[in-house]
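Put together the whole structure using the sequences plus the hints.
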Amino acid sequence: MNEFQEKLVHFTWPEPKKSYDVVIVGGGGHGLAAAYYLATRHGITNVAVLERNYIGGGNSGRNTTIIRANYGIPEAVRFYQHSLELYQTLEAETGRWIMHQEKGILWMAHSEIGMQQQKARAAINRAFGAKTEFLTPEEILKVCPEIDLTGGGVWPVVGGSYNTEAATARHDRVNWALAEGAMMRGVHVHQKTAVTGLLMEGNRVTGVQTDKGPISAGIVMSAVGGHVTSLAAMAGLRLPIRTHPLQAFVTNHYARTFHPIVASTNLLFYVSQTARGEMLMGAEIDPQPSYNYRSDHHFLQSCAFRATTLLPFLRDLRVLRQWTGVCDMSPDYSPIMGKTSVDGFYITTGWGTWGFKAIPASGEQMAQLIATGETPEMIAPFALSRFAEDRLMADRGSAGTH
Amino acid sequence: MPELNRLPATRIVSTALDGAVWPENRLVLRTAADELLIIPPVADVSSVTSHDPYAIVVEDASYAGVWLGADEAAAILRRHCEWRVTAQRPQFAQGAIAGIATKLWLEADRVLFVVPAPYAVEFEERIV
Amino acid sequence: MRVIVDQKPIPFAPGDSLLVAMLRAGEHPTEGGCLCLGGDCPNCLATVDGISYVRTCQVAAKPGMVVERHPADGYPLLPDDSRHRAEVHAHNHHCDVVVIGQGESGRAALAEAEAAGKQAIGLDVANGQEAIGIYSGPLVVARTAAGMLHIHAAEVVVATGAAEIQPVVPGSELAGLFTSRAAEQLTAAGLDLGRVVAVGTPPAGIECELASGDLLRFEGEGGRVTAVITQSADGSENRYPCQTAVVGLGLYPRDALTRMGHQLPVRAVGDATREADLPTCPGEGIICPCSGVSVADLERIWEQGFQEMELVKRATLAGTGTCQGGVCTPYLRSFLLAKGKTLQPAFTARPVNRQLTLGEIAAGAHHHPTARTALDGEHRRLGAKMERSGGWWRPWNYGDVWAEYWAVREAVSIMDVSTLGKMIVSGPDVLELLERLYPTKVSTIKNGRSRYVLLLDERGYVFDDGMICKDSDTQYTLTFTSGGSSHAEMWVRDWAESWGLDVRILLQTQRLGAINVTGPLANELLARAGLDNPPPYLGHIEATVAGVPCRIFRLSFTGELSYELHHPVEQSVTLWRGLLELGQELGIRPHGLETLLKLRLEKGHIIVGQDTDMDSTPRRLHHEWAIKLDKEFFIGRQAVLRTNKIPLDKQLVGLEMVGQPAGYAPLEGGVIWHQGNYAGIVTSATYSPALGKTVLLGWLYLQNGELPTEVEIEGKTARRVEVPFYDKEASRARA
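In order, the protein sequences belong to chains A, B and C.
Residue numbers for the first sequence follow numbering that gives the first Met the number 0, so the first one is 0 and each next one is one higher.
Residue numbers for the second sequence follow numbering that gives the first Met the number 0, so the first one is 0 and each next one is one higher.
Residue numbers for the third sequence follow numbering that gives the first Met the number 0, so the first one is 0 and each next one is one higher.
Check each hint, because a few of them may be wrong.
What the hints assert, rightly or not - From the structure, some residues in chain C lie toward chain A, with a derived Cβ separation under 7 Å:
#	residue
1	V47
2	I50
3	G73
4	E307
5	A314
6	V351
7	L357
8	I360
9	W395
10	T642
11	K644
12	E667
What the hints assert, rightly or not - When the alpha-carbon atoms are kept at most 20 Å apart in a straight line, the in silico EDC-like pairs for lysine to aspartate or glutamate are as follows:
#	chain 1	residue 1	chain 2	residue 2
13	A	K141	C	D79
14	C	K727	C	E623
15	C	K692	C	E655
16	C	K445	C	E431
17	A	K6	C	D456
18	A	K118	C	E713
19	C	K644	A	E388
20	C	K727	C	E409
21	C	K630	C	D456
22	A	K130	C	E713
23	C	K649	A	E111
24	A	K6	C	E283
25	C	K627	C	E434
26	C	K384	B	E121
27	C	K649	A	E74
28	C	K338	A	E111
29	A	K191	C	E309
30	A	K118	C	E283
31	A	K6	C	E307
32	C	K384	A	E84
33	C	K340	C	E431
34	C	K61	C	D48
35	C	K445	C	E409
36	C	K340	A	E138
37	A	K141	C	D191
38	A	K338	A	E283
39	C	K445	C	E309
40	A	K118	C	D79
Hints in this document: simulated from the structure, not taken from any laboratory.
Every residue gets a Cβ at the ideal spot worked out from N, C-alpha and C, and that includes glycine.
Structural data, given as structure tokens:
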């Protein structure tokens, strides 16, 4: 009766071992993807993924599922375009339905300067492999006839950029397809297993302490979201990360008619329709750092107001549910991936509001790092050491929104 | 639509505001621990400057305001004020109203709404 | 009095909900399913007056209301538009106690609070007051017939009672099924339920046959129930023919609001606190009517390895529909208890508890306001194209950007620069504060003089620029960029307080208007306005101009002779009009931001935010001259000393296009290439009529340790040149 039920994925939950070659802390998309690519690309399967709650229960299961590559610096455009392409083939590769739908994302501009910025975004995207065009208001209307170009008489739309390959996928399905793919090849995933400490010998990590006992490991990788600074502190590392809540909400289900993903550079909201027909909306992060998961009225009120300013038909849709995740924000709005100054301790973090779209590429690249011991060229610019080396990956193209 | 007008005032930033004395026919709004807004302006500020030679004293018309009757004011607050204005009168209060930083001087039968003049037009539109 | 259901008028009685009216007329709002009349199930949803997913049991019937059934297969359509619907208003209510629910326990709680002398308010769902969520504050948001109600209370009492457990067996999707309370309400409303069979606890005051044994299934014909089948303890089946089946299967507390209010001053009373009855999960049937999830689906997903409550929910979608787990939660919990031997908690309780439209939830919201200078009306009257910039409405141009440009370069022009951040700092420690905040040697600025300065953060990155003007030994005037002014104020205040310095601070951006008078005829204009002795370059004086008392700063961003006239904001219009009139013969015209961006670029002046990035050290900006590292301390000094030791990777440079036609300017933000490799980004670009060429600023990466001398932009050659492009000796600005 319900075509959207998961019918293909099968999980296996073995008993934990005392030791693994690789222990990945965090059973969200990034941790599961690293395990999946270790198993499928490198044949490394003596791997455990430790998840303190249930898999995909953090940001991987709370995000707004947008996949796009329209970033603002060459290194990021290349990385996210690679991720977008891995997503395009993930269904075929895993044989699992992740509900991948190519939709295109519109970023609307509301001023001369905003328009200039979107033209520049399109130019830099095209230069580094992402398919982004600049659209006039008339062209925007062709992509999304529902938009009120007058912006409610307050925020007129003067143009926008359009990343044509942008897509959505069902977040849970991505997590599960990767988890199952790893499990099928021998990777262990342990839910309800919280890491409480790191086992160290000198400057080397040798395993993890968990609430179910110690597990030793050749390499420990942190794929923790939200509390990554706490885990890194166990290794004596201080991360330049601040954690902020990010909220979202969905409406009831409607017969699918709304095609693109729509975002506004000034009004800072974004809207898309899920495969099941819910309208899914979000906005910028909460300004104050916090680990609070409590949903907030002001966010819902303000985001609904801004979204209905440009998409008036939304006014009559009913809100079904709102929720909150927490985002690890780096100072330059770019992720942090790679080795750390502690031997055997690798990290993938700083996923801010752009973690979901990076899951396959981050997993693939981190797996390559673990397998070879060498940092792949694609993620080398995103090393933690860049902050000490004054080599920021300042990406205002990613700041503020999903 | 209520129309806001610029409010000529004397604005003082000083560490010696507590003991200062002002003419009775002035509104004296203590907008911060070290800041006063006196409407309309006063000529003699020596009760501050004699104690604080570093006081900043300026003529200031950067705020705009409007007096509204108590009922009309209450209706506006009910619509646009998310924080609690206690019943005591007279009273000074400040915070966001209709999304704009506002100062209130509340008397028994009327209320003065004060906003930064650059936002006066939008404020007028919002409280209709 | 009639309502319209799928184009058919049906009468209703006073006090009827839409659902009761429909049932009275023999209509059913959906295909079927057990109706609760309590707002807990999804079985009476319809589109009412264009809004879908409305629980018809919760809406009082009003004449002319239009009800449309949802499609039997699939979802309702997205509405076309809604901009003609009346705006929903929000009202705020402040009190001591809010009681949600006005049943027996709710009324008692309200009376108790009032007796204790507290200001209290009760929300009664029977009056259409639906609490949609409890938020921090605590804030209770409710939708009411009069609009949205935002209740700011010190304490929240949840008295929402308990929901009746729905039947989950084969046939539970038939019409003609009611919970006990629903049956009681319908009977009280005068509806004839026909032959009634009751399962479990029977309804009060209704003549009915009691079915003994455990409920096994419902049988029906044409979508309506015709019999209740139960199973006795010995395994035999009993068949009870009926026209209506009424189920009393137990109660489940309506605790979502209480759980939402976890760690807030929220308490529950009455049935909302009761322990949940956990029905046995049957072998078959639909447990989630919203998402169409059967017991067989649960069995399958368990076998697939989805065994956590949240994973079961996410994999089957049970609990993600309109009733948000109202029907399925008891069954999911009992299913998982039976399978896994542990009782798992219900899903996290999330707003909204009762649904409402985006138009309703948005009530009371506003966009960020955009500030207007005192000259806003003047600009609009002159036909300016206005743009939002740095939180202000600013004139972008007045229709002819090149005429504005030449007025500055060859005659005289004025610009409204009132948006500039302006601050007075006074006190015995003012010099100490400024020396610590700024990388320049503030002590060497003389009375009556000004200096261009950068502001650095602790990491040595430039985040704002402006001027320091010395008024006296204990008072300085500071300026900041228009967009950076608020942040700069916070910065100065935070540090002054952290360091415990004795200063007084006044941000006077909105108190002072500022008009920039610029162009080779600026002196001539000021003379006509009554100022014969203007200040020297980087000096400032007080004087009257066109009858307006001004503080006159001589500095130059345009590259021409320029004076910034700071004046009381209430006299901006007088000054503006006076200058325009006095300058008529001199060819005066005002210029906007678009023109300014070109003028300053010709001079190579950076705009913080446009030409700088998050990691712009003074060295990368080629502004080392603005940093005095021999000072003992300033914010960012340590970071600058450290980063200066790291080999330089990129620098903001001046570029000019080689051999391009007049008027050409590459895209700002476009890519710079060097021999096919990425070499940087253009930050500013303009064609310069005065120079007859196209000039740019851009970030250029060093290639093999050297800044390239020739690069490609948009497939064309550009050459690296020294800035400024225009008037390198600055003879015009200093004239």
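Hint by hint, here is what the structure shows:
{"no.": "1", "hint": "V47", "in the structure": "11 Å, violated"}
{"no.": "2", "hint": "I50", "in the structure": "5 Å, holds"}
{"no.": "3", "hint": "G73", "in the structure": "6 Å, holds"}
{"no.": "4", "hint": "E307", "in the structure": "4 Å, holds"}
{"no.": "5", "hint": "A314", "in the structure": "4 Å, holds"}
{"no.": "6", "hint": "V351", "in the structure": "5 Å, holds"}
{"no.": "7", "hint": "L357", "in the structure": "4 Å, holds"}
{"no.": "8", "hint": "I360", "in the structure": "5 Å, holds"}
{"no.": "9", "hint": "W395", "in the structure": "6 Å, holds"}
{"no.": "10", "hint": "T642", "in the structure": "4 Å, holds"}
{"no.": "11", "hint": "K644", "in the structure": "10 Å, violated"}
{"no.": "12", "hint": "E667", "in the structure": "6 Å, holds"}
{"no.": "13", "hint": "A/K141 <-> C/D79", "in the structure": "16 Å, holds"}
{"no.": "14", "hint": "C/K727 <-> C/E623", "in the structure": "19 Å, holds"}
{"no.": "15", "hint": "C/K692 <-> C/E655", "in the structure": "7 Å, holds"}
{"no.": "16", "hint": "C/K445 <-> C/E431", "in the structure": "15 Å, holds"}
{"no.": "17", "hint": "A/K6 <-> C/D456", "in the structure": "54 Å, violated"}
{"no.": "18", "hint": "A/K118 <-> C/E713", "in the structure": "13 Å, holds"}
{"no.": "19", "hint": "C/K644 <-> A/E388", "in the structure": "10 Å, holds"}
{"no.": "20", "hint": "C/K727 <-> C/E409", "in the structure": "17 Å, holds"}
{"no.": "21", "hint": "C/K630 <-> C/D456", "in the structure": "16 Å, holds"}
{"no.": "22", "hint": "A/K130 <-> C/E713", "in the structure": "17 Å, holds"}
{"no.": "23", "hint": "C/K649 <-> A/E111", "in the structure": "28 Å, violated"}
{"no.": "24", "hint": "A/K6 <-> C/E283", "in the structure": "18 Å, holds"}
{"no.": "25", "hint": "C/K627 <-> C/E434", "in the structure": "11 Å, holds"}
{"no.": "26", "hint": "C/K384 <-> B/E121", "in the structure": "19 Å, holds"}
{"no.": "27", "hint": "C/K649 <-> A/E74", "in the structure": "15 Å, holds"}
{"no.": "28", "hint": "C/K338 <-> A/E111", "in the structure": "61 Å, violated"}
{"no.": "29", "hint": "A/K191 <-> C/E309", "in the structure": "13 Å, holds"}
{"no.": "30", "hint": "A/K118 <-> C/E283", "in the structure": "58 Å, violated"}
{"no.": "31", "hint": "A/K6 <-> C/E307", "in the structure": "16 Å, holds"}
{"no.": "32", "hint": "C/K384 <-> A/E84", "in the structure": "42 Å, violated"}
{"no.": "33", "hint": "C/K340 <-> C/E431", "in the structure": "70 Å, violated"}
{"no.": "34", "hint": "C/K61 <-> C/D48", "in the structure": "11 Å, holds"}
{"no.": "35", "hint": "C/K445 <-> C/E409", "in the structure": "32 Å, violated"}
{"no.": "36", "hint": "C/K340 <-> A/E138", "in the structure": "58 Å, violated"}
{"no.": "37", "hint": "A/K141 <-> C/D191", "in the structure": "55 Å, violated"}
{"no.": "38", "hint": "A/K338 <-> A/E283", "in the structure": "30 Å, violated"}
{"no.": "39", "hint": "C/K445 <-> C/E309", "in the structure": "69 Å, violated"}
{"no.": "40", "hint": "A/K118 <-> C/D79", "in the structure": "31 Å, violated"}
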